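Build the complex from these two chains, which are given one at a time in their own frames, with help from the hints.
Single-letter residue listing:
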Amino acid sequence: QKEVEQDPGPLSVPEGAIVSLNCTYSNSAFQYFMWYRQYSRKGPELLMYTYSSGNKEDGRFTAQVDKSSKYISLFIRDSQPSDSATYLCAIRGGIGANSKLTFGKGITLSVRP
Amino acid sequence: DVKVTQSSRYLVKRTGEKVFLECVQDMDHENMFWYRQDPGLGLRLIYFSYDVKMKEKGDIPEGYSVSREKKERFSLILESASTNQTSMYLCASSSWGDPNTEAFFGQGTRLTVV
Chain A
136 QKEVEQDPGP LSVPEGAIVS LNCTYSNSAF QYFMWYRQYS RKGPELLMYT
186 YSSGNKEDGR FTAQVDKSSK YISLFIRDSQ PSDSATYLCA IRGGIGANSK
236 LTFGKGITLS VRP
Chain B
293 DVKVTQSSRY LVKRTGEKVF LECVQDMDHE NMFWYRQDPG LGLRLIYFSY
343 DVKMKEKGDI PEGYSVSREK KERFSLILES ASTNQTSMYL CASSSWGDPN
393 TEAFFGQGTR LTVV
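Taken in sequence, the protein lines are chains A and B.
Yeah, the first sequence ends on 248 if you go by the working numbering, and it's all consecutive.
Yeah, the second sequence ends on 406 if you go by the working numbering, and it's all consecutive.
None of these hints come from the bench; they were simulated from the model.
All values reported here derive from a predicted model rather than from experimental measurement.
Mixed in with the good hints there might be a few duds.
Calculated lysine-lysine pairs in the DSBU-like style (CA-CA distance at most 30 angstroms, straight line) [what the hints assert, rightly or not]:
id	chain 1	residue 1	chain 2	residue 2
1	A	K205	B	K349
2	B	K349	A	K202
3	B	K362	A	K177
4	A	K137	B	K349
5	B	K347	A	K235
6	B	K310	A	K177
7	B	K295	A	K191
8	A	K191	A	K205
9	B	K347	A	K177
10	A	K205	B	K363
11	B	K349	A	K177
12	B	K310	B	K347
13	B	K363	A	K235
14	B	K349	A	K235
15	B	K295	A	K177
16	A	K137	B	K347
17	B	K310	B	K295
18	B	K345	A	K177
Okay, the calculated bits of chain A under chain B, using three or more residues with CB under 8 angstroms as the criterion [claimed, not checked]:
id	stretch
19	207-217
20	238-248
Cβ coordinates follow ideal geometry from the N, Cα and C atoms, glycine included.
Extracted from the complex, chain B is given alone in its bound form (with noise of 0.2 angstroms):
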């Protein structure tokens, strides 16, 4: 029953490390989101992706890059990590031409910055 999984739970990275974050969905969507989410800040849209190859950019994409060369892929990309994206990282897909699906979340990836 896995809809969208994200490949760790926890991860720990040093200031100035380049982090991959990746997600794969498996119910064939066009739609896929990366949502962070920090307390008292609910979730912030980083970056989506309407279809292979596209992407747009949503309310925070500053130091952040994404990359979606299939379709059930989206990657998210941290070229430098610094300690102010210690936060808890959530990916979603979702389909684009029915409005009554629902968009799915993974279980998050809790990053650290050190």
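Here chain A stands alone, though its shape is the one from the complex (with noise of 0.2 angstroms):
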């Protein structure tokens, strides 16, 4: 089994649809958790980031931590055609020496008119 596996994609929404992303992990240590944004042609970059279970809000954007199921989930709300961009979940395992970051596959997002 796959460390991190990601919903697979690629996923097409109209403009204003709430769009859900999720991840899988298989190792309980993992500690922290996070999505990034990566544009056509451009490096990752850190769109959110939780800390063990729970939710974080931050504008049109939550992300959502189930450890209990290893689930993580990204959700979008009334999303823009300026979201349209690959959104990758990444895990960390720790601090230090243990703290690479291992990633999803990444979605393929399109957001329509």
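What follows is the structure, encoded as structure tokens:
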């Protein structure tokens, strides 16, 4: 089983839709959960970051972590064409030498005007 | 506002050539990473370094080596480039002791081996 599995894409939604992006992970030792957004021909940039279980909200974006089921989600409300990008979930084991990031494969989202 | 800089955006090399990809960060981060990104395979970790002169193999180290002589610089070396190493290469850095800091990525180097 891969360490991080991400729902395959691509995903196309109309403007204004609610988008749900999901990942599962296998190692219960993971502590830090991130979502990166990558625009075409750019490097990924951090969108949301959470530690342990719970929700975190930032404007139209909500990140959710359920450690009991090893499931992480990103919700986008009122999606906009500018949200069209590839979204990658990432998990970090800890700090120091154990702090490498493991990424999901990414899902490409297209928001149609 | 430059954080992570990769020396080239696009490179074309011939099979068998030795290729150097350079990455420099200006945030005094201890950790530095090299990933490659391929369609359908996502980001895969090649090597990472958590300190000067320290290196750890990632998931796909075969055919690659790295060098970290200074804290701010992390080099990826393709000893003898092959066509299956055609890919987008991404460098990243992060802080060692602060879990609240994100990993910053460079813009990527698109390498084509012909």
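For each hint, the structure was consulted:
1. Distance restraint check for K205 (chain A) and K349 (chain B): the Cα-Cα separation of roughly 26 angstroms lies within the 30 angstroms cut-off, and the hinted pair is therefore satisfied.
2. Restraint check for K349 (chain B) and K202 (chain A): satisfied, since their Cα atoms lie roughly 28 angstroms apart, inside the 30 angstroms limit.
3. Of the pairs offered as hints, the one joining K362 (chain B) and K177 (chain A) holds, with about 26 angstroms between alpha carbons and a cut-off of 30 angstroms not exceeded.
4. This hinted pair checks out: K137 (chain A) and K349 (chain B) have alpha carbons roughly 17 angstroms apart, not beyond 30 angstroms.
5. For the proposed pair K347 (chain B) and K235 (chain A), the alpha carbon gap of about 12 angstroms is at most 30 angstroms, so the pair holds.
6. Pair hint K310 (chain B) plus K177 (chain A) holds up; C-alpha atoms about 25 angstroms apart against a cutoff of 30 angstroms.
7. Taken as a hint, the K295 (chain B) and K191 (chain A) pair is honoured in the structure, with Cα atoms around 26 angstroms apart against an allowance of 30 angstroms.
8. Simply put, K191 (chain A) and K205 (chain A) have alpha-carbon atoms about 16 angstroms apart, close enough for the 30 angstroms limit, and the pair holds.
9. Under the criterion of a C-alpha separation no larger than 30 angstroms, the hint pairing K347 (chain B) with K177 (chain A) is consistent with the structure, at around 26 angstroms.
10. Between K205 (chain A) and K363 (chain B) the CA atoms are separated by roughly 35 angstroms; this puts the pair beyond 30 angstroms, and the hint is violated.
11. For the hint linking K349 (chain B) to K177 (chain A), the alpha-carbon distance of about 25 angstroms falls within 30 angstroms, and the restraint holds.
12. A threshold of 30 angstroms between alpha carbons decides the hint, and for K310 (chain B) with K347 (chain B) the separation of about 20 angstroms falls inside it, so the pair holds.
13. For the given pair, K363 (chain B) sits about 17 angstroms from K235 (chain A) by alpha-carbon distance, which is consistent with the 30 angstroms threshold.
14. With a C-alpha separation of about 11 angstroms, the suggested pairing of K349 (chain B) with K235 (chain A) holds against the 30 angstroms cut-off.
15. Taking the CA atoms of K295 (chain B) and K177 (chain A), the gap is about 14 angstroms. The hint holds against a cut of 30 angstroms.
16. This hinted pair checks out: K137 (chain A) and K347 (chain B) have alpha carbons roughly 23 angstroms apart, not beyond 30 angstroms.
17. The straight-line distance between the Cα atoms of K310 (chain B) and K295 (chain B) is roughly 27 angstroms, inside the 30 angstroms bound, and the hint therefore holds.
18. This hinted pair checks out: K345 (chain B) and K177 (chain A) have alpha carbons roughly 29 angstroms apart, not beyond 30 angstroms.
19. Requiring three or more residues with a Cβ within less than 8 angstroms of a Cβ of chain B, the coverage given for the stretch 207-217 of chain A is violated, as only 0 such residues are present.
20. Counting residues of the stretch 238-248 of chain A whose C-beta lies closer than 8 angstroms to any C-beta of chain B gives 4; at least three are required, and the coverage claim holds.
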